[in-house]
Amino acid sequence: MFELKVLRRYEVSSKRKLAIYATSFIVGILTFTLLEVLYGANPYDVISKLFIKPLTSYSDFQVTVRYAVPIGIISLGLALTYKSGIYSIGAEGQMAMGAIFAAWVAYSLSYLESPTSIITALLAGSLGGLLWGLIPGMLKGFFNVNEVLTTLMFNFIAYSLTDYLIYGPWRSPRAYGFPLTEPIPKSFTIQSYDGIPLTNTVILIFLIVAMQVIIKKSVIGYQIRAYGANPVAAHASGISLLKIAVICLTISGALAGLAGSLQLLSIHGRLGPKSWSVTEGLGYTAIVSAWLARLEPWAILPSALLLGALVNGGLTIKAVLGQPEGIVNIMNGIILLSIIAAEFFINYKLIVRVGR
Amino acid sequence: MNFLPGKSYSERECILSVRGISKFFGSITALKGVDLDVRREEIHVLLGENGAGKTTLVNILYGIYRPDSGVIKVFGRDVKIGSPKDAISYGIVLVQQHPMLIDKMTVAENLSIGFRKLGYLKSPKSIKNLVDEYSSKYGITVDADALVSDLSFSEKQEVELIRALMLDAKLLILDEPTTMLTTYERKKLFSILRKLIEEGRSVLLITHKVIEALEISDWITVLRRGEVIASRPRNAYMVDELVKLVVGESENVGQLRHSELNTASNIRQRPEVLSIKELVVANDVGGIAVRGISLNVNPGEVVGIAGVSGNGQKELSEALAGLRRVRSGKIFICGLDLTNKGPGERVKAGLAYIPEERLKYGIVGEMSVAENFILKSYNSFSKYGFIVMNKVLRDVEEAIQTFNIVTRGPLEKVKALSGGNIQKLIVARELRSNPKVVVAHNPTLGLDLRSAALVRELILKVKLNNSGVLLISEDLDEVIGLSDRVAVMYRGSIVYEADKTTISRNTLERAMLGLVDV
Amino acid sequence: MIDAALLGNFIFLTLKNAVPLILASTGEVIAERSGVINLGVEGSMIMGALVGVVVTLLSGNFMLGFFAGGLAGLLLALIHGLVSVVFSANQIVSGIAVTMMGLGLTSLLGRGYVGKSLYGLRPPPLYPYDIAVPESLRPILVAILKHDILVYISVIIPLLVTWLLFKTRYGSAVRACGESPVVAESLGANVILIRFSAVLLGGFLAGLGGAYLSLGIVGTWVENITAGIGWIAVGLVAFSMWIPVRALLASYMMAALISMSYILQGKIGISSYFLAMIPYIATVIIITVVNVEKFKLKVGAPTALGKPYIREERLG
Numbered sequence: 001m002f003e004l005k006v007l008r009r010y011e012v013s014s015k016r017k018l019a020i021y022a023t024s025f026i027v028g029i030l031t032f033t034l035l036e037v038l039y040g041a042n043p044y045d046v047i048s049k050l051f052i053k054p055l056t057s058y059s060d061f062q063v064t065v066r067y068a069v070p071i072g073i074i075s076l077g078l079a080l081t082y083k084s085g086i087y088s089i090g091a092e093g094q095m096a097m098g099a100i101f102a103a104w105v106a107y108s109l110s111y112l113e114s115p116t117s118i119i120t121a122l123l124a125g126s127l128g129g130l131l132w133g134l135i136p137g138m139l140k141g142f143f144n145v146n147e148v149l150t151t152l153m154f155n156f157i158a159y160s161l162t163d164y165l166i167y168g169p170w171r172s173p174r175a176y177g178f179p180l181t182e183p184i185p186k187s188f189t190i191q192s193y194d195g196i197p198l199t200n201t202v203i204l205i206f207l208i209v210a211m212q213v214i215i216k217k218s219v220i221g222y223q224i225r226a227y228g229a230n231p232v233a234a235h236a237s238g239i240s241l242l243k244i245a246v247i248c249l250t251i252s253g254a255l256a257g258l259a260g261s262l263q264l265l266s267i268h269g270r271l272g273p274k275s276w277s278v279t280e281g282l283g284y285t286a287i288v289s290a291w292l293a294r295l296e297p298w299a300i301l302p303s304a305l306l307l308g309a310l311v312n313g314g315l316t317i318k319a320v321l322g323q324p325e326g327i328v329n330i331m332n333g334i335i336l337l338s339i340i341a342a343e344f345f346i347n348y349k350l351i352v353r354v355g356r
Numbered sequence: 001m002n003f004l005p006g007k008s009y010s011e012r013e014c015i016l017s018v019r020g021i022s023k024f025f026g027s028i029t030a031l032k033g034v035d036l037d038v039r040r041e042e043i044h045v046l047l048g049e050n051g052a053g054k055t056t057l058v059n060i061l062y063g064i065y066r067p068d069s070g071v072i073k074v075f076g077r078d079v080k081i082g083s084p085k086d087a088i089s090y091g092i093v094l095v096q097q098h099p100m101l102i103d104k105m106t107v108a109e110n111l112s113i114g115f116r117k118l119g120y121l122k123s124p125k126s127i128k129n130l131v132d133e134y135s136s137k138y139g140i141t142v143d144a145d146a147l148v149s150d151l152s153f154s155e156k157q158e159v160e161l162i163r164a165l166m167l168d169a170k171l172l173i174l175d176e177p178t179t180m181l182t183t184y185e186r187k188k189l190f191s192i193l194r195k196l197i198e199e200g201r202s203v204l205l206i207t208h209k210v211i212e213a214l215e216i217s218d219w220i221t222v223l224r225r226g227e228v229i230a231s232r233p234r235n236a237y238m239v240d241e242l243v244k245l246v247v248g249e250s251e252n253v254g255q256l257r258h259s260e261l262n263t264a265s266n267i268r269q270r271p272e273v274l275s276i277k278e279l280v281v282a283n284d285v286g287g288i289a290v291r292g293i294s295l296n297v298n299p300g301e302v303v304g305i306a307g308v309s310g311n312g313q314k315e316l317s318e319a320l321a322g323l324r325r326v327r328s329g330k331i332f333i334c335g336l337d338l339t340n341k342g343p344g345e346r347v348k349a350g351l352a353y354i355p356e357e358r359l360k361y362g363i364v365g366e367m368s369v370a371e372n373f374i375l376k377s378y379n380s381f382s383k384y385g386f387i388v389m390n391k392v393l394r395d396v397e398e399a400i401q402t403f404n405i406v407t408r409g410p411l412e413k414v415k416a417l418s419g420g421n422i423q424k425l426i427v428a429r430e431l432r433s434n435p436k437v438v439v440a441h442n443p444t445l446g447l448d449l450r451s452a453a454l455v456r457e458l459i460l461k462v463k464l465n466n467s468g469v470l471l472i473s474e475d476l477d478e479v480i481g482l483s484d485r486v487a488v489m490y491r492g493s494i495v496y497e498a499d500k501t502t503i504s505r506n507t508l509e510r511a512m513l514g515l516v517d518v
Numbered sequence: 001m002i003d004a005a006l007l008g009n010f011i012f013l014t015l016k017n018a019v020p021l022i023l024a025s026t027g028e029v030i031a032e033r034s035g036v037i038n039l040g041v042e043g044s045m046i047m048g049a050l051v052g053v054v055v056t057l058l059s060g061n062f063m064l065g066f067f068a069g070g071l072a073g074l075l076l077a078l079i080h081g082l083v084s085v086v087f088s089a090n091q092i093v094s095g096i097a098v099t100m101m102g103l104g105l106t107s108l109l110g111r112g113y114v115g116k117s118l119y120g121l122r123p124p125p126l127y128p129y130d131i132a133v134p135e136s137l138r139p140i141l142v143a144i145l146k147h148d149i150l151v152y153i154s155v156i157i158p159l160l161v162t163w164l165l166f167k168t169r170y171g172s173a174v175r176a177c178g179e180s181p182v183v184a185e186s187l188g189a190n191v192i193l194i195r196f197s198a199v200l201l202g203g204f205l206a207g208l209g210g211a212y213l214s215l216g217i218v219g220t221w222v223e224n225i226t227a228g229i230g231w232i233a234v235g236l237v238a239f240s241m242w243i244p245v246r247a248l249l250a251s252y253m254m255a256a257l258i259s260m261s262y263i264l265q266g267k268i269g270i271s272s273y274f275l276a277m278i279p280y281i282a283t284v285i286i287i288t289v290v291n292v293e294k295f296k297l298k299v300g301a302p303t304a305l306g307k308p309y310i311r312e313e314r315l316g
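Protein chains in written order, with my numbering: chain G, 1 to 356; chain P, 1 to 518; chain Z, 1 to 316.
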């Protein structure tokens, strides 16, 4: 018989933490590579396409950044929310709602001039995402309803709503039968410079700084951190779950909505179904990015870049090796598992004894 | 009755033999060079006060702690006990003070879990026969189909005894088994124990009650401050001598100081800072824990609630803090009806809460000392929505000095501090805001003597500030030493109340056991 | 007057659609009773759906397909169990990650099977003969009797699970782990093993449910065939207060809603996309309702649900 013993580590040096973390990330990547290999791909090929090229070659790096920015913006909001112990997975739906609201502004207020047009659309998009996070937030705050389920359900509802719009009232007659909307007016388009969406990147960096300050120095940041670390003691001290839940879910909703509208205005230009969707599954990738950054805002920048690279690489593999979208999902899942397993190994030591 | 006639002690086989056991927690010596022998068919009492080291020794015997030095032998064989499973495999079974049973399930279901011979898919009811067999053999009256939540404390304890029998226990360790028993139940327990040892088993009974030790034991080992003071057959002790051995020198010089401070009281009659009217609070298992308590605390007064833990104190304290809903009745804080309002409003009204479970309710372990210090008062350190850290650090440094909190600095994570220092931090924090009323639940539980003395002093200082204190404590000496009025809580009600000038310790102890002469 | 054919159709669809919900939610009841939330149910279900189709095609036997689907669900749940029970990591994030993996894996591995026909291999109705009954009653009887064996088995499964949880030693141990793992451990249960086994059982049932979705209901494999059914099943568990028979009834309720929204498509003025939202909105409503304090009856969640249990060695 073998025996499993668990020993709590008391003092964990930052070096050790980093080492365990990095190891787990690498294990995750290797597992994924193994999977690809089993499916017939060349491991060197996989790693280079997955990792190296998206970060090193300039043209690929542009695409990496293009993914990293929405991922980063969303994961900022998610990091805040997860810090409080609330597990929202509704970024996809909030993104979609953000895009819908922004599109509505673009179509209805098409007379607006840039940059007013863009700013209005972005604000509307943030509002859309905010509202989509508000309801699960209130349900959680008032009745402690499981936010994982509610935010997820709202994702599905948002998908259906998008479908309704693109197959119905917003369907473009000029799209050759494809369910796409009209392209948004030029005045609403955010330009990229040399392939890199500069405006978006600036927004991201500004948000990172703002979030870092909020979390570390503001009263609400303090309350969120206290609540996440010990909800019972925080509650006993008068910190209210309602406030925390509503604030976290509306902020993360607004950020996801912002990301969704940025996607619409700078990249996609129109709403579409599955493969042309504004969200591109980034709402889920952002979850992984938030955890990889250990919920620290400053770490979101490298984390989002890394994940942007992986998404980029994943799609390349998909195109080149002929595999479907699901690749990115598998990767997300494996990396996420490795990260939380790492948390365990950081805090505890595992001793396996064989024999008696 | 006490020992096999015709045999000398040293010849009888020892079930358990312990030599030179020592255990240190940092600078605190919990046990030093402890020797102990438990012979076959013996009821061996380990006698000592709270903090003497009894629990530590038991934890070592049960594999929860590893001794720093010393040897353990079971039936003459050297053993290493690394976990409760190890202990059980050697025939050592511990019955804890609070029964470890699942309330929502029946007795049979609870007992069947550890009964491997039953296999996985058999119904738990099939052990009913076994349970009945044990019951009739040893005089235990347990209904295998009864729901555990319906059982009295004594019945739950009997279930634990059956569990020990099913585990084939050779040495039964009972940790303070009589604290919650009536006299009748205690006598019943002792007769059960007598029957158990007739079959070659032994019992190691942990207690702090001298009378009881003399009543049931064959052999008494006295533990004081981690060392064995005496270990002899029961008949080799005289009552007074035994008491002196347990208590040592007259204790708590600090106690006298408290009494001094206590006389300088300044109680005003009205308005009450805390008023509880007919409070009824449910517990977690569908029953009622607090059965209609009414109590007032005036400014400048310490009201102490004595009682053995488990009589509703936890639920009362949580209800007062706003952490538990109230079935009926009212709670007024400084005149405001805050009966079912949340903790936030109580804090605003001037309530400070020193919880029993300090790690759970009192601090956020992962945050720093400074951040914990402002857990209730962060708004007063804020400007435009941001926390002014400089101000916080200054105040924290001051508190660290004043309360003598041992820490590497205000930025150290609170969970690294010792229990005593955590409590000092909590008290410092709660008192900083000059609360009108302080609810303190077991505030010195588990603290070393110096920290405990400091906390008690602080409570008295609060009193001098014209705040009121409701002190809920299992430590009877503490309650007596600090309170202006004492109430005793038993099974959810106040069964006795007296002014400090008219209390007698004996009456209080009896009241704590439900023995009130009306 | 209600059209008998319509009613019959409705009943037929409801009984069929309920099967994956019944299986998945009952499985999750076991896991949650032991104290573990398994949000990987959706992943287990979709793995079961794919593997069920593949094995049926390869072996020609749909019963083998079902069993293989169950195994696939179990294997995925094994990962969740390993990470969240043995390694005591965050149960919620682990479940989400496992679902992501399941969704991705099936997308990858199912490429070659999209839309593949299962002609002749799908489970047949149990009662193959014609029903000689007046026309007005016929559709309803058809709706009840002409199901494949799994529909009827799915009614029995919650009863079996009830027996398992409440009338066996194993079930007592499971429930003890869910109420208080510390006490359970002291009573002699190996909490880690028991919780792990409960998660595996739940995964197996979820896989079975997924396999029925592809084999019995849709008839083939398509990507994202589950469309959130697994998540809905998790919601149903809370709504049913962790009682298997209630999960059975709740599943029928939800299946009725789903069938209704399907039948109403095209018949009334509401766009089919809004009708499609019904199950999701309903799930939000029912889990809110359960939480509102007034409705909290004596039966609550297993006390230790969601809290990781670590059998620590105290370095004391």
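For the record, the hints were derived by calculation from the structure and aren't laboratory data.
For each residue, glycine too, the CB sits at the ideal point set by N, CA and C.
The reader is advised that the hints may include incorrect statements.
[Claimed, not checked] Computed beta-carbon distance windows for the label pairs:
hint, chain 1, residue 1, chain 2, residue 2, range
1, G, T56, P, L359, 42 to 52 Å
2, G, F206, P, Y384, 12 to 22 Å
3, P, G119, Z, I153, 23 to 33 Å
4, G, E296, P, D68, 38 to 48 Å
[Said to hold, decoys possible] Here are the simulated lysine to aspartate or glutamate pairs, EDC-like style, with alpha carbons at most 20 Å apart:
hint, chain 1, residue 1, chain 2, residue 2
5, G, K217, P, E412
6, G, K17, P, E366
7, P, K415, G, E343
8, P, K117, P, D168
9, G, K217, P, D395
10, Z, K307, P, E357
11, G, K216, P, E457
12, P, K137, P, D150
13, G, K217, P, E366
14, G, K216, P, E41
15, G, K15, P, E412
16, P, K80, P, E41
17, P, K436, P, E412
18, P, K187, P, E509
19, Z, K167, P, D145
20, G, K217, G, E296
21, P, K413, G, E296
22, Z, K307, P, D284
23, P, K170, P, E41
[To be verified] Beyond 10 Å from chain Z on every Cβ pair, some chain P residues (computed):
hint, residue
24, K122
25, D143
26, T183
27, L193
28, S328
29, S380
Take a quick look at whether G/K217 and P/E366 sit within 20 Å of each other, Cα to Cα. 17 Å, holds
Quickly compare the C-alpha distance for Z/K307 and P/D284 to 20 Å and report which way the hint goes. Answer holds: Z/K307 to P/D284 is near 18 Å, not above 20 Å.
Restraint status (C-alpha distance of Z/K307 to P/E357 at most 20 Å): 18 Å, holds
Do the Cβ positions of G/F206 and P/Y384 conform to the proposed distance bound of 12 to 22 Å? 19 Å, holds
Just to be careful, I want the Cα atoms of G/K217 and G/E296 compared with a cutoff of 20 Å; is the pair within it? 13 Å, holds
Given the proposed pairing of P/K170 with P/E41, does the C-alpha separation stay at or below 20 Å? 9 Å, holds
10 Å cut-off, C-beta based - P/K122 kept clear of every residue in chain Z: For P/K122, whose nearest Cβ neighbour in chain Z is about 6 Å away, the distance does not exceed 10 Å, so it is violated.
Minimum Cβ-Cβ distance from P/S328 to chain Z exceeds 10 Å: 16 Å, holds
Looking only at beta-carbon atoms, does the pair G/E296, P/D68 fall within the given range of 38 to 48 Å? 40 Å, holds
Against chain Z, does P/T183 keep a CB gap of more than 10 Å to every residue? 29 Å, holds
Hinted pair, alpha-carbon criterion (20 Å max): G/K216, P/E41. Please report holds or violated. 64 Å, violated
Test the statement that P/S380 is away from the interface with chain Z: the closest C-beta pair must be farther apart than 10 Å. 33 Å, holds
Hint compliance for this structure: hints 11, 12, 14, 16, 17 and 24 are not met, and every other hint is.
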